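Just so we're on the same page, the working numbering is the position in the sequence shown counted from 1, plus 7.
Please note: incorrect hints may appear among the correct ones.
What the hints assert, rightly or not - Here are the computed lysine-lysine pairs in the BS3-like style, where the Cα-Cα straight-line distance is at most 27 Å:
#: 1; residue 1: 68; residue 2: 103
#: 2; residue 1: 200; residue 2: 68
#: 3; residue 1: 233; residue 2: 200
#: 4; residue 1: 240; residue 2: 200
#: 5; residue 1: 200; residue 2: 232
#: 6; residue 1: 103; residue 2: 151
#: 7; residue 1: 232; residue 2: 103
Stated by the list, open to error - Each pair of labels, with its calculated beta carbon distance range:
#: 8; residue 1: 96; residue 2: 244; range: 24 to 34 Å
#: 9; residue 1: 52; residue 2: 198; range: 16 to 26 Å
#: 10; residue 1: 139; residue 2: 212; range: 50 to 60 Å
#: 11; residue 1: 81; residue 2: 244; range: 20 to 30 Å
#: 12; residue 1: 87; residue 2: 245; range: 37 to 47 Å
#: 13; residue 1: 161; residue 2: 30; range: 39 to 49 Å
#: 14; residue 1: 244; residue 2: 100; range: 42 to 52 Å
#: 15; residue 1: 104; residue 2: 197; range: 47 to 57 Å
#: 16; residue 1: 244; residue 2: 147; range: 44 to 54 Å
#: 17; residue 1: 63; residue 2: 227; range: 37 to 47 Å
#: 18; residue 1: 169; residue 2: 96; range: 23 to 33 Å
#: 19; residue 1: 28; residue 2: 100; range: 10 to 20 Å
Calculated from the structure, these hints are not laboratory results.
As the structure is a prediction and not an experimental result, all values here were calculated from the model.
No residue lacks a Cβ here, since even glycine has one placed at the ideal position from N, Cα and C.
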Amino acid sequence: GCRVFLGDSNVEAFPVEQAFRGLGRDTWTTRSVAVNRGSSGERIEDVMERLDLCVRDLQPKELYLLIGTNDIWWVQTDYQDGNLGAGYERLVRSIKELSPQTVLYLQTLPPIDYWGEPFGAHSFEECRVWVDRANTQLREVAAKYGCRLIDLHALVSTPDGRMIRRYSTDGVHLSLLGYLRWLDEILPPGREKRRVWANLSGQLTDETSATLSEGADSPQMIYEKKRADWMRKVHAGSLSPDDESAYRDV
């Protein structure tokens, strides 16, 4: 079965189909092992309307769901002030009914910390409180229905709820380094992760690498610098992604 990534613009821009290119196909349907079903601007109710196409028809082995940012940041028609729990519960129940064998991964919402002007319909402080509320309710839904939780918010945010600069393009949408951070939670060390890094190595720009020079050399930063160096060498052809010794050095 395939992996389906479902949600809003942060999913739409996630290069999962490129990342998992060449890593096998579903024997019965010849589908890619990773399918992107993200759509910019979508809210919880929009995803509900697409479940037949994205879940029932695909019957994924794994489904990664990231949705709710637009319900908080822009349009609070269906849910108010980050109270997204009822929507999350309806989504999870529907997904499980349509594809009972699917392993469902719920991602917490990343910060809404837009660096441009205007910020949006609400202030950063309002959004910070509402994102925390939505993520608390998401954790409750995950526990109630036996879903796996990936705390994306914790991976890409500072202790005060701001977006870590190198993980975003604008304070809301993830950068390549942000997606690599997410992938680190999805994939264990090994051949598949090496292949994914190699597939994405061509997207590692000088500008992306430059963001790794900012800030202190924490263990996470040192790891990301080594990974970037590995990816540059693989892209240049001076290193094979199958070289396990070089990978272990990362």
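To see whether the hints hold, each was checked on the structure:
no.: 1; hint: 68 with 103; result: holds (12 Å)
no.: 2; hint: 200 with 68; result: holds (18 Å)
no.: 3; hint: 233 with 200; result: holds (15 Å)
no.: 4; hint: 240 with 200; result: holds (16 Å)
no.: 5; hint: 200 with 232; result: holds (16 Å)
no.: 6; hint: 103 with 151; result: holds (13 Å)
no.: 7; hint: 232 with 103; result: violated (39 Å)
no.: 8; hint: 96 with 244: 24 to 34 Å; result: violated (49 Å)
no.: 9; hint: 52 with 198: 16 to 26 Å; result: violated (40 Å)
no.: 10; hint: 139 with 212: 50 to 60 Å; result: violated (33 Å)
no.: 11; hint: 81 with 244: 20 to 30 Å; result: violated (44 Å)
no.: 12; hint: 87 with 245: 37 to 47 Å; result: violated (55 Å)
no.: 13; hint: 161 with 30: 39 to 49 Å; result: violated (27 Å)
no.: 14; hint: 244 with 100: 42 to 52 Å; result: holds (49 Å)
no.: 15; hint: 104 with 197: 47 to 57 Å; result: violated (33 Å)
no.: 16; hint: 244 with 147: 44 to 54 Å; result: holds (49 Å)
no.: 17; hint: 63 with 227: 37 to 47 Å; result: holds (39 Å)
no.: 18; hint: 169 with 96: 23 to 33 Å; result: holds (29 Å)
no.: 19; hint: 28 with 100: 10 to 20 Å; result: violated (33 Å)
The structure shown violates the earlier hints numbered 7, 8, 9, 10, 11, 12, 13, 15 and 19.
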